[in-house]
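Novice: So the chains spell out like this:
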Amino acid sequence: MNKKTKTRTNTIAGFLGLPYEVYAVIFIVIPLIMVVWYGFTDASGHFTLSNVASIAQPSNIKALWLSVLLSVGATAVCLLLSYPLCMFLVETEKHANSFLTMMLIVPMWMNFMLRTYAWQSILEKTGIINTALTALRLPTLRMINTPGAIILGMVYNFLPFMILPIYNSLEKIDKNVINAARDLGADARQTFIRVIFPLSMPGVVSGITMVFIPALTTFVVSSLLGGGKILLIGNVIEQEFTLAYDWHVGSGLSCVLLIFIVISIVISTITDKEDA
Amino acid sequence: MTNEKVRARGWKRFYIALIFIFMYAPIFLLIIQSFNKSKSRGHWGGFTLGWYVSLFHDADVMKAFGNTILLAVISSLVAVVIGTMAVIAMSRMKMKSRQLWLAVTNVPMLNADIVTGVSLMLLFITLRIELGFGTVLLAHITFNIPYVILNILPRYRELNPHIYEAALDLGATPAQAFFKTVLPEIAPGITSGGLMAFTMSLDDFIITHFTTGAGMATLPTKIYAEVKLGIKPEMYALSAIIFVTVLFLLMMVNRVQEGSENKRKAGEEA
Amino acid sequence: MNKELIRLEHISKSFGTKTVLDDLSLTIHENEFMTLLGPSGCGKTTLLRIIGGFEMPDTGRVLFAGQDITNLPPNRRQLNTVFQNYALFTHMDVAQNIAFGLSIKKKSKSYIDDKVNYALKLVGLEGFEHRQVTRLSGGQQQRVAIARAIVNEPKVLLLDEPLAALDLKLRQDMQYELIQLKNELGITFLYVTHDQQEALTMSDTIVVMNQGYIQQMGSPEAIYNEPENAFVADFIGDSNLFPAKFIRDELISIDGAQFKCVDRGFGENAPVDIVIRPEDVEIVEAGHGTVDGNVTDLIFKGVHYEMCIDVAGREWVCHSTRPHIVGEHVGIEVDPFNIQVMKKPESEDEEAITANE
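Protein chains in written order, with the working numbering: chain S, 1329 to 1604; chain X, 1199 to 1468; chain P, 3 to 359.
Incorrect hints may have been included.
[Said to hold, decoys possible] If you want the footprint, here are the derived chain P segments under chain X, 3+ residues with CB under 8 Å: (1) 68-77; (2) 103-113.
[To be verified] Straight-line distance between alpha carbons at most 20 Å, and here's what the computed PhoX-like set of lysine-lysine pairs gives: (3) S/K1422 / X/K1426; (4) P/K111 / X/K1378; (5) X/K1378 / P/K123; (6) X/K1426 / S/K1557; (7) P/K157 / X/K1378.
In short, the hints are calculated from the structure, not lab data.
Computed from a predicted structure; not experimentally measured.
All C-beta atoms in this analysis are idealised placements derived from N, C-alpha and C, irrespective of residue type, glycine included.
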């Protein structure tokens, strides 16, 4: 391509990007700036820290603390469930494991609210588990509307987000790298700790952020399985916007969430870079 | 194989099975529920296809269903067009600006849905745009474009850069070269990106929740509204239908991807 | 020599601050098999891309049959390219790939079919019309790439390291096939490679390039036997490349030992570089040669043995069918005809030319 046509195609290519660039600025960048703007101003437009500081109110800080606690718990459970699963899946034959991984994503396409709602009928006082327990003449359990039920809902909804990156990173490991470790005298445990696990770290980190962020910020799981009695920070923000119509406080609390999000993005970019 | 190994394999299979049961139990429950004559869940009142029939007479549900599909179709199509153009532009950018736009593209993927939702809500309200179908559509396009871009980009990178030049060399104009060689080569990425965007749009609740207005409901927002009063059994029926449809779509994507993967692999081996 | 076909005049090209081609002029004739040979980064591929129309020179002109085509886009040039890694259209089958150029030109279907069949026969791929190109072996993909180019009846075929991705045996077979193909088509081949063996085997003319300059241009024999400077001598084949003193006409000294040569006119007591091919170093009994040395290394190479001989601290490489064991004290002799004397680079610029890789 000569210079003239080259510059011309480059200009054309530049124009091709324009719609997205305009769209991204209006609908991604500006809205985020607006959240920060609302978060740090009051109704008359003056700068204030009170919106962000409202996170310190007892009910809000309690909601945030509970969110962190439950989402850390849910993330840990997801990790503990996923890692062995992915190890086993990688071991299975090629066509079988691609089918199995697909089957793990499939549930995500049943409306997630209905699926979570279905857990109500499993966990509730007269639900399936308690009906079974009664039939066995065992005492019934109180499961619905507990923090445990919320963790279960989070794990259930976000498990695929943990499985997929870990599976991908494990699958990418060259089998000869593992063979080399064994060849050099490492036993199965040492091979895992010193070779396999470090190599899968990018997947683990990306899985953790992909589970932790939606779990930390959810308000649907808690309202479906917490019976409206357990408020997470997501519920508080949702109510500020849709019930109290206090966008400034809502934005201020969202800014607090943004801090968590930015931290997790930074962590995952760093590990990604190391991987590359 | 030693006994120990057989036992280990048995345990592994048992573990995989347990996870699958965990994932699928609620779904089976919902599908069973859609055939349950009794309106109350947990009580089996006999088999019926009635909900599947009455579903089509429920104007509210059908309206929400129509909105959902329309949103998914339009938003994924728009996202495919804008996203494909963006990939071509990004591939010719300098390192720095490409990284910047990639970072912007990653924002809706990494950000919490609730923050994306409220941020768009603030934007629409500030611009005094009435919340409704239009605002939800704009919001869906926003989170769909990144899926399209991130699906096409790897394909575009794998593309042999000389293919475009080879077409020119053989007499094609730049436009012919693009439509006859580059576009078909990245088509699988466009297809899978578009289908992914479609399903994301279909299932979105949180962002829709914040950007929708009075009188505009999608299936997820309608379900959320119904949860407190008890979900209409028609909803189970509809969800079962959607589930089976999406399952079918997903298997198609999988086949497209696997097909092109095999093609590539065969090429590499040769 | 045939009629002139392509003429490059004072071509320069830089990417950013890096000068890739520097005031380069070159003439390519009809029906010539010309090879651009050099290490990676020497500018040979850029030169090919300028001729193909994929790059525009910063200065200079490209003339094709007397016409200035410097500004002509690639789709309007009468030449075709076989790309490195082939650049086949993976969404098309073999026949569709080959027919691409003709269908762009809106040729009739029967014409296209004929040409495609002819091209397939020419490259030995009859019966492969409807194969997926991704299912072909590397050698077969290579043939499709060649067929796709030649159906358009170009005046010149540009080939950018076309055999680099093939294994040794296949590469050697394809070299002969390419020569045959060129003879059959009667067109000009401009071939880019970094493999000196390939260049020596196939070319009518070799252009040795380094750092954007033409180092030497000539027949394979001339390039091999009479390298004009240290870079060419070092790049083509194994060689003993030593600094030496040109004492007077027909006499040089290497590390103090005097050797007869046949070159004249390098001045008196002037510093020069000399090249002696390893096969031209003769091993004789100690004391019977021009200098003596000790064998430090002995390797069996199949056709011959390769030995390293330490002569007063300088290592001579020598090929012989008779081995001498490590540690043996031997004499060395060189026929005056086999000593190639080269001017030492004078300016820093010339130094840059010869500083290879």
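Novice: Compare the structure with each hint and give your call.
Specialist: The hints, checked one at a time:
Note: the region 68-77 of chain P has 3 residues with beta-carbon separation from chain X under 8 Å; the three-residue rule is met and the coverage holds. Three residues within the 8 Å Cβ limit are the bar, and the region 103-113 of chain P against chain X gives 3, so the coverage statement holds. A C-alpha spacing of about 45 Å is found between S/K1422 and X/K1426, which places the hinted pair above 20 Å, so the restraint is violated. For the proposed pair P/K111 and X/K1378, the alpha carbon gap of about 18 Å is at most 20 Å, so the pair holds.
A distance of roughly 26 Å separates the Cα atoms of X/K1378 and P/K123; the hinted pair therefore is violated under the 20 Å criterion. Only pairs whose Cα atoms come within 20 Å are accepted, and X/K1426 paired with S/K1557 is accepted, the gap being roughly 13 Å. For the suggested pair P/K157 and X/K1378, the alpha carbons sit about 25 Å apart, so the restraint of at most 20 Å is broken.
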